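Just need the whole structure built from these sequences, with the hints factored in.
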Amino acid sequence: MDNGQTFWMPAGHSTVAGDVDALFYFIFYASLVLMALVTAAIVWFIIKYRRRGKAGLTDSRAHNTALEITWTVIPTILVFIIFAWGFKAYLRLNVVPANAMEINVTGQRWFWSFQYPEGISAVNELVVPEDKPVKLLLSSKDVIHSFYVPNFRIKMDVLPNRYTVAWFEATDTGSYNLFCTEYCGTKHSEMIGKVKVVTQGEYQKWLEAAQGPSEGQSLADYGRQLYQSRACVTCHSIDGKPGTAPSFLHIFGEQATFEDGTSLVVDENYIRESILEPRARIVKGYQPVMPTFQGMLNDVQLNALVAFIKSLAEHPPTESGDQGDANRESTTESEN
Amino acid sequence: MSTASANVIPERNYLNDPKGLKSWLLTKDHKRIGLMYLFAIMFFFLLGGIFALLIRWELLTPAVDIMEHDTYNKMFTLHGAVMIFLFIIPSIPAALGNFVLPLMLGAKDVAFPRLNLASWYVYCLGALFMIYALVTNPADTGWTFYTPYSTQTNTAVISTTLGVFILGFSSIFTGLNFIVTIHKLRAPGMTWFRMPLFAWGTYATAILQVLATPVIGITFVLLIMERLLGIGIFDPALGGDPVLYQHFFWFYSHPAVYIMILPGMAIISETVSVFSHKKIFGYKLIAFSSLGIAFVSFLVWGHHMFTSGQSELAAIMFSFLTFLVGIPSGIKVFNWLATMYRGSISLEAPMLYTLSFLILFTIGGITGIFLGALAIDIHVHDTYFVVAHFHYVMMGGTVMAFLAGIHYWWPKIWGRMYNEFWAKIACALIFIGFNMTFFTQFIMGTQGMPRRYFTYLEQYQPMHGFSSIGAFVIGAGFVIMAVYLIAAIFKGRPAGNNPWGSLSFEWLTSSPPPHGNFDEEPVLEHGPYDYDTIEVVATK
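Going line by line, the protein sequences match chains A and R. If you're matching positions, the first sequence starts at 0 in numbering that gives the first Met the number 0 and goes up one per residue. If you're matching positions, the second sequence starts at 0 in numbering that gives the first Met the number 0 and goes up one per residue.
No lab work stands behind these hints, which were simulated from the structure alone. Since the structure is predicted, the reported quantities are computational estimates derived from the model, not experimental observations. Treat the hints with care, as some may be off.
[Claimed, not checked] A short, non-exhaustive set of chain A residues, derived as facing chain R with CB atoms under 7 Å:
1. MET8
2. ILE26
3. TYR28
4. LEU31
5. LEU56
6. THR57
7. PRO74
8. THR75
9. LEU92
10. LYS140
11. VAL142
12. THR163
13. PHE178
14. SER188
15. ASP298
[As the list claims (entries may be wrong)] Quick look at which bits of chain R chain A covers, simulated, 3 or more residues with Cβ under 8 Å:
16. 68 to 80
17. 143 to 155
18. 272 to 283
19. 496 to 503
Note that beta-carbon positions come from the ideal geometry of N, C-alpha and C, so glycine has one too.
Okay, here's the thing in structure tokens:
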């Protein structure tokens, strides 16, 4: 995917990238000429007019109309060209083609989720077909975020009180970084997703597969995949290290104590409740920061996450026949 | 140059007459107040600099090097807030300007000496609030305090913004004082167009300070009320609009950029003429462009918000106005260059900082053109490109000019010279380190590296690492500078009245000047830049 990356710009993979880069290089080379002139003048003057001995009296000319008009008019013309060019490219960045497919994007601390017209939702990985305009309807569930894909040269703030719009048409298949560029708190720098551009055919296949586990995949294994792709991994570790939230390692079947002093043994129902209504009970020592996943996971996916957390218990229940045992942790493949 | 032996420090000068701590704390002498400001801002410059080095240290690698997420987020907020509100805004006007402006005008003091002292105490009070926030639970919002994050975080947003609110009054007091001083206290014969350009730059700055600062005060009061009372101006959960906050904030903070850079330009207009020993080129154009920049600076705030969801039409108009403000700045650079032409150029430390300014500020200005172009801003907005751009303007511009001014007027302030050799070494280190640190960040920015990131993708590590090394080179330069400047106070060679051979009024009086500035009221006999007709001999 690094093909096409230059010293200044990341590889361009959208239909507007070429326009933006052309303007960038126009300003860049104009600047280079100007910088060369300024630097050359400084060097020339300090060599030629370096003070030797007494300063004495110097030239009295402090005004030159022709020169002053020249250095006012030329930059003025240049900046007007740059303004008009930037304006034109900006219109292209803003006018969404009529045949665009629409995807809702939700930013929240600290992950992205995507809702497709087909009713599918995904977290942190936006899968789109190539050569097809995609309109993004952006909104936030908490503070302001910003949706930025350097390879596409697009960026738009994501606001909590209104929709904003961005669009792109990817020209090449591949996986591209998606950054949050409006500071949003502790894990702002980890609010990174991917935009995965696939061929039309692969996109159709992905749509079908997005509904449940693939052939022959165990429920716990599917849960492990969701643990990554739905960004549980951002806050919950599976190696026992406490982070923003409790680790999943060895919690199933153990006693959990809550902020209000109550406690219970972690079971399937408690896990389900924690995913759908995370503020119902807060584990002692943690902040109530987890957002609800209500409407973002279907029943199969909920079951899969429960099965995955069960598989991480100290004494995994054997009667269910789950093969998602803890030994496989080291071979887990992450999505990116 | 070899007449130094004749120089003596006057027995009675503003530093020792009158004596005693009380005489300092209750002083109405603009020179003492300027010096007290200088100590205060240098303390905060040191603090902000330490924060900067800690940030760059942490960013050496993407891993946790010396601090955790939340500490890092507080650190870059502190770096920005301390550097902007406690150092750079008061740096040139309140510290150097206070000292130099009345001397330049041939006045005994500023128009309102008591207000001047009050401004210093108000500054200290504001600083105390910010220090309180610093030692309890520093804000983690970034120096911009964007809502709704700033209305929801549990860090000390209220005491920090209250501190800035209070600091605003000290800035307004200084501005008001300078406006009246320039109108009313010029020496006989000093017409508006025979004033040194430093006075013109300070005048334009003072107008901005008086007109723009109330807006940030009102904005922060609304933010505080939002947090305390939930009035629902900015937080959408309470029915407010977070983008409204951005409009309010930048309506002040864009003019504030010019509160920071105009005084820098004002210093450069002095030093480039003095050290080229040459009449300043295009005096009136430089003077009027300061006022022009000040005026247009009120109309460009929306260029901070091209990706905020503001209307496309507004974005287009703000882009156009942004280019308009670029032109007078460019003209100034050409004027300064033309001043050097056929001069008699001496490359002493103040001139080296002046040349650094010319190069770095030009890069800062040009990259502003990239950012003003709408389609490019969309790509580089909120990336390291913007971080690099404003450091080139603020540090490469204002701080370099401030250092030029410090080195230019240090002999006047203390009556003694610093070590020129070490001054050149420090300047070279700062210039090289600065470019290592921040030029790299332009490339990181266009490659897509977002700002305010605690950790980052491995692909950016080489550039982050190089940038961090540069920061420590800058740090080394400043350590050397601190040593030779402080040494000069105690052991420097006496400078004489006019070590550089300058023509403006402050060099007529002794170094350091007496309590009332001049033994007898000076009368203007020649312009401040008449190096073509007046023979002047340096006393160094």
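Results of checking the hints against the structure:
1. Using the Cβ-Cβ criterion of 7 Å, the hint placing A/MET8 at the interface with chain R is satisfied: the shortest such distance is roughly 6 Å.
2. Interface hint status for A/ILE26: upheld, as the beta-carbon distance to the closest one in chain R is roughly 6 Å, under 7 Å.
3. With a cut of 7 Å, the hint placing A/TYR28 at the interface with chain R is violated, because the nearest CB-to-CB distance is about 12 Å.
4. This hint is violated: A/LEU31 has a C-beta 9 Å from the nearest C-beta of chain R, more than the 7 Å allowed.
5. About 6 Å separates the beta-carbon of A/LEU56 from the nearest beta-carbon of chain R, less than 7 Å, and the hint is met.
6. For A/THR57, the interface hint holds, since its Cβ comes within 7 Å of a Cβ in chain R; the closest pair sits about 5 Å apart.
7. Evaluation of the A/PRO74 hint against chain R yields a held restraint, the C-beta minimum of about 5 Å falling below 7 Å.
8. Interface hint status for A/THR75: upheld, as the beta-carbon distance to the closest one in chain R is roughly 6 Å, under 7 Å.
9. Hint status for A/LEU92 relative to chain R: holds, with the closest Cβ pair at about 6 Å, below 7 Å.
10. Violation of the interface hint for A/LYS140 is found here, the shortest Cβ-Cβ separation to chain R being roughly 11 Å, above the 7 Å cut-off.
11. Look at A/VAL142: its Cβ gets to within about 4 Å of chain R, closer than 7 Å, so that hint holds up.
12. Given the 7 Å rule on beta carbons, the hint for A/THR163 holds: about 4 Å separates it from the nearest Cβ of chain R.
13. The restraint placing A/PHE178 at the interface with chain R holds, with a minimum CB-CB distance near 5 Å, inside the 7 Å limit.
14. Proximity of A/SER188 to chain R holds as hinted, the smallest CB-CB distance being about 4 Å (cut-off 7 Å).
15. Given hint, A/ASP298 at the interface with chain R, is violated; its Cβ is 31 Å from that chain's nearest Cβ, farther than 7 Å.
16. Closer than 8 Å: that is the beta-carbon criterion, and the segment 68 to 80 of chain R has 3 residues meeting it against chain A, so the requirement of 3 holds.
17. Proximity of the segment 143 to 155 of chain R to chain A, defined as three or more residues with a beta carbon under 8 Å from a beta carbon of that chain, is established by the 5 residues found.
18. Check result for the segment 272 to 283 of chain R against chain A: holds, 8 residues qualifying (beta carbon to beta carbon below 8 Å, three or more required).
19. Coverage of the segment 496 to 503 of chain R by chain A is violated in this model, with 1 residues showing a Cβ closer than 8 Å to a Cβ of that chain against a need of three.
The structure fails hints 3, 4, 10, 15, 19 (numbered hints given earlier, in ascending order).
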